[in-house]
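Student: Chain by chain, the residues run as shown.
Number of protein chains: 2
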Amino acid sequence: MPRPLRDFSRLCIHTITTKPWSIEEAIDRYAAAGVKGITVWRQWLEGRDIARAGENVRAAGIEVVSLCRGGFFPATDAAARRAAIDDNLKAIDEAEALGAGLIVLVCGADPNQPLDESRRQIFDGIAAVLDRAEQANVRLGIEPLHPMYADSRSAVNTLRQANDICDQLGSPQVGVVLDVYHLWWDPELKSQIERCGRSDRILAFHVCDWKTPTEDMLNDRGLVGEGCINVPQIRGWAEDAGFDGFIEVEVFSNRYWAMDQLEFLNRVKDAYLKHT
Amino acid sequence: MPRPLRDFSRLCIHTITTKPWSIEEAIDRYAAAGVKGITVWRQWLEGRDIARAGENVRAAGIEVVSLCRGGFFPATDAAARRAAIDDNLKAIDEAEALGAGLIVLVCGADPNQPLDESRRQIFDGIAAVLDRAEQANVRLGIEPLHPMYADSRSAVNTLRQANDICDQLGSPQVGVVLDVYHLWWDPELKSQIERCGRSDRILAFHVCDWKTPTEDMLNDRGLVGEGCINVPQIRGWAEDAGFDGFIEVEVFSNRYWAMDQLEFLNRVKDAYLKHT
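So the sequence lines, in the order shown, correspond to chains A and B.
Take the first sequence: its letter number 67 is residue 67 in my numbering, and every next letter is one higher.
Take the second sequence: its letter number 94 is residue 94 in my numbering, and every next letter is one higher.
These are calculated hints, taken from the structure and not from any lab test.
Zero decoy hints are in this set.
In this list, chains with the same sequence are indistinguishable; a pair is considered to hold if it fits within one copy or across any two.
Below are the EDC-like pairs computed for lysine to aspartate or glutamate, each with C-alpha atoms no more than 20 Å apart in a straight line:
1. LYS269 with GLU63
2. LYS190 with ASP164
3. LYS36 with GLU263
4. LYS269 with ASP220
5. LYS190 with GLU117
6. LYS36 with GLU239
7. LYS90 with ASP49
8. LYS190 with ASP116
9. LYS211 with GLU117
10. LYS211 with ASP116
11. LYS274 with GLU226
12. LYS19 with ASP216
13. LYS19 with GLU46
14. LYS19 with GLU263
15. LYS190 with GLU239
16. LYS274 with GLU239
17. LYS36 with ASP270
Based on the sequences and whatever the hints tell you, model everything.
Tutor: Quick look at the structure:
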């Protein structure tokens, strides 16, 4: 087991976690609560001066941990694949303007073509934006998604696959994002995290919990401690593999989005210290 | 790609697929439709003379392919684990009476304990009933379940795991059940099916499809052809690995259970010939 978390110096929250709040409100509320990191979802930047938004975050004493999300490379027709690459190039521009050193890649999948084909297109898509990412000094983090999203959200469904892609690309610009919700069930998780460590490629660590029963495949995640994932054990594996960055709370939950967000933020902090 | 299916000589249907029908009605309807195999869920035998039910199936020209389902071994307390073993022994008695040569194991998981512990208890549970299964000449088929069921239905979530358990048990009485719904996403699927073939341990093959979107984690499966699973490809891999048994249609679907079951049975047959 890893060392207990005793303060909020490594706590990062995703703007999607407090979905009812705008970026401005999130910055104010997180800063007042002592939260030290933020991962910004791209929708929160629509209609904003992105560079100024980044300055506002830093002026509040908060670090921009990552921009969420790039990816969604696969498609049956070439024009759509080209549009996806263009959108990822735009995301790199946005990350650069925001001052985010990392883009989280939800790699995509198209149910109208074989999984293998989606997997090839993901590789090609990342390769196509790699030069621009290097130039902008923005790293790309492949986030393996739970196999229940293999039809339409990501054809990268295990950490082994993400490690294989990284090995094949062979660029220090590309690494992996660990999310306990997607990975907890995998019998190979410990050994694949160790493999990440040998290449120093763990770029981010996302937490939430798996509830029993889970009533919605997308928006029924729990706070850490509410479910069956042994988050401290997985955090320990990541830290043994050299990871010492932010612990990012990413919770999609219709239930939590419906409640008072200040009260919810207190629960997030409580779950962070007690169960993470 | 495997050879097309041109008749119903290998078509088996699970009683749960036509849930509104009793065992008696299912036997009559399947026989009239030319279906040659049936997998009987245990609930369908409640209050019945099981040996006579088996005779009725065979008298209708139908083979009993398997009894569904044993397993659910893990639990936090020892008394519950003992009760699970007793229930599996009872299932073996039932399979013997019914004339089923196979019990499908949905191995179980308990969200209140670590996954590793559930996995150990599954191994111990199967080992505890093995002698009785041999004596009854009933084989036990470990069915890996989709990782979205790892919290409470099965801690065996990949074919690699099922193969590992079989290797460790080292008994020809134990093999695996392939279900495309649970396995289709796995990048290792082809190589692990080949591994099954080397040990001649594919005991059954279940089909349905993964719909996009899937609206219910349990009861929104599609007929083959309605979703994104490449069923013929996976069937080809299984047949290349030596499998030549029944193709079992196992569809949990609130939508289909609500419709006229005779019309549904025609759709099952149509999907079988056209898309499987």
